[in-house]
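Trainee: The lines below spell out each chain.
Number of protein chains: 2
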Amino acid sequence: MMYTRLVQDDLSLVENLMHRQALGENKDLRNALEIILSSGGKRIRPVITLLVGNMLNAPKPQLITLAASMEMLHTGTLVHDDLIDGSLLRRGHPTLNAKWSPGATVLTGDFVFAKAAELISDTHSVSAVNMFAKTLGEITSGEITQFFESKCNFNRDDYYERIYKKTASLFRTCCCAAAIISSADDETISSMCTFGYEIGMAFQILDDILDFTGEEMTIGKPVGNDLRSGLITLPVINYFENRPDDPDAQFFLNGKCDTFEFINRIDTIIDSIKNSEAISQSMKEAETFIARALDALHRQPASEERDALEEISVYIIQRKI
Amino acid sequence: MMYTRLVQDDLSLVENLMHRQALGENKDLRNALEIILSSGGKRIRPVITLLVGNMLNAPKPQLITLAASMEMLHTGTLVHDDLIDGSLLRRGHPTLNAKWSPGATVLTGDFVFAKAAELISDTHSVSAVNMFAKTLGEITSGEITQFFESKCNFNRDDYYERIYKKTASLFRTCCCAAAIISSADDETISSMCTFGYEIGMAFQILDDILDFTGEEMTIGKPVGNDLRSGLITLPVINYFENRPDDPDAQFFLNGKCDTFEFINRIDTIIDSIKNSEAISQSMKEAETFIARALDALHRQPASEERDALEEISVYIIQRKI
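First to last, the protein sequences are chains Z and D.
The first sequence stops at residue 321 when you use this note's numbering, and every number in between is there.
The second sequence stops at residue 642 when you use this note's numbering, and every number in between is there.
It is worth saying that the hints were derived from the structure and are not from the lab.
In this text, a Cβ means the ideal position worked out from N, Cα and C, and glycines have one as well.
Treat the hints with caution; some may be incorrect.
Chain D stretches covered by chain Z per the calculated footprint, using a threshold of three residues with CB under 8 Å from any CB of chain Z [claimed, not checked]: (1) 341-351; (2) 422-429; (3) 451-459; (4) 468-481; (5) 563-570.
Let's have the full structure, built from the sequences with the hints guiding it.
Mentor: What follows is the structure in structure tokens.
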């Protein structure tokens with residue numbers, strides 16, 4: 001993709017900065033950070049941050065620091081997520097949680113958050129720090145809601161709120177903060193915030209679609225994994241809203257998606273959703289978010305970076321992983 | 322104590338601000354925060370923050386926000402600590418960990434950190450934010466070292482480094498940041514940083530002394546709890562440095578404090594330390610830290626707040642709990 005060429009040098013600086021965060025620390029912690037950072041993430045958040053910042057002429061050192069902070073924040077949430085879910089693999093690599101005690105994993109996640117916070121404060125932008133803190137709060141609050149309330153929760157508004165907190169909030173902060181440190185005008189900042197929000201929403205919808213349509217080998221977990229754990233995503237909502245009289249709808253409308261009867265039907269339900277119009281309908285919603293993202297993006301003058309951001313926006317809804 | 326009268330109104334504002342942090346969130350999270358905040362901490366960190374700020378004429382809203390942020394940061398570390406240690410009680414109340422799943426406890430701690438970060442960014446002081454982030458990193462790094470390396474580690478320098486990270490770093494930030502938001506001159510900021518550091522070190526040494534001399538009912542855990550879990554504190558270091566030829570010294574000098582022979586001897590060892598000169602010797606070290614703290618404090622002109630800070634400094638080494 002074209003963006004690789006545009007950000008590759010900056011992204012190396014971001015990687016170096018992240019890897020330096022555990023210098024001088026306990027060797028187990030240094031090893032843990034290496035494991036986490038080397039386990040092959042897509043780095044989509046720092047890439048977007050760098051492209052928005054470069055498009056708007058952000059001062060380079062601040063931009064590199066911001067991009068590293070955003071990816072570290074994301075990384076910290078993954079460390080704690082894997083612990084909470086008891087996941088033993090992520091992207092085909094063993095999680096920290098699979099090798100370490102829960103205590104060590106909690107502390108490593110806290111350390112990664114602390115370093116993300118230190119990096120964001122190194123940008124010397126109070127607004128960026130404030131957004132960072134709000135986003136950490138939103139991500140955590142979203143996870144807590146998912147933990148306590150989302151089981152069998154068949155509600156479209158709650159779904160959108162959850163994916164905003166879980167994913168779009170951080171994408172939004174990446175783009176907003178990159179515009180802010182570029183000293184862009186309020187209108188530009190506002191369109192970049194919109195751009196980040198919209199691609200973040202689309203990104204999570206795609207994740208939720210891929211949970212049904214992806215190959216087990218590629219996504220690294222069984223098809224329909226969310227539904228199996230009682231989490232209702234957009235394809236499920238679309239499918240049963242289209243079929244209120246389907247006998248299987250009772251499991252969702254009455255909050256009975258952890259009963260024995262449900263578990264007996266789960267493979268059939270997953271298969272039906274996967275092969276239904278609910279998937280293309282969900283794709284259409286993701287495309288609508290991307291269309292709004294591109295509207296916001298196109299308020300900026302044409303540039304190589306703008307083209308690359310457009311390319312990534314399209315990739316977000318076309319990806320298979 | 323006199324400081325109660327001086328800060329009581331401000332402290333109520335700090336309490337209110339902390340209790341408001343979960344407004345609008347999931348009800349389990351709101352309940353959790355209530356439980357954590359109502360479990361009777363001494364609130365020594367916000368009290369000191371308020372006194373330093375008021376002494377230096379800090380703008381009130383910023384000072385309240387800073388004090389709340391400091392106590393929330395402390396609270397977040399307690400939530401995760403209890404999980405890591407598997408503690409079921411803190412200050413006589415059941416911990417979150419005793420009632421909730423580890424996942425919910427991890428997320429609640431993360432939420433409290435996020436709110437602490439949001440509060441510190443609301444002070445609009447980049448330096449305060451930076452100190453906050455560094456302190457969170459130091460606390461976590463200290464805990465990680467304690468987790469991986471401190472078992473049977475009989476080393477005075479490592480002990481001081483550990484208690485700095487674990488406790489003094491936050492006391493220091495409370496006082497430094499209060500001076501910074503007061504727009505104090507560099508010399509004043511520097512003496513307040515010193516004051517915070519010194520009382521923080523003394524505070525932790527007292528905790529470590531009380532672990533031997535405290536009443537089980539009052540401190541809420543068995544006497545010698547740290548040593549039982551292999552953690553070497555100042556009284557132990559002083560005791561065996563005074564008796565290099567004591568047969569029990571072998572357990573520490575050879576890192577064998579988790580052997581069966583050691584466990585067999587532990588009650589006797591704890592009793593010997595408790596009744597030895599190592600306690601008063603450790604007290605003397607705590608007093609030295611407090612003397613240096615008072616030197617730094619006395620560089621400020623006399624005021625009611627300065628008197629109250631002096632009173633608290635003395636309380637720190639005289640307390641029984």
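Trainee: Would you mind marking each hint as holding or not holding in the structure?
Mentor: Evaluation of the provided hints:
Given as covered by chain Z, the segment 341-351 of chain D passes the check, having 4 residues with a CB less than 8 Å from a CB of that chain where 3 are the minimum. By the rule of at least three residues with a Cβ nearer than 8 Å to a Cβ of chain Z, the coverage given for the segment 422-429 of chain D holds, with 6 such residues. Proximity of the segment 451-459 of chain D to chain Z, defined as three or more residues with a beta carbon under 8 Å from a beta carbon of that chain, is established by the 6 residues found. For the segment 468-481 of chain D, the proposed coverage by chain Z is satisfied: 3 residues have a C-beta within less than 8 Å of a C-beta in that chain, meeting the threshold of three.
Requiring three or more residues with a Cβ within less than 8 Å of a Cβ of chain Z, the coverage given for the segment 563-570 of chain D is violated, as only 0 such residues are present.
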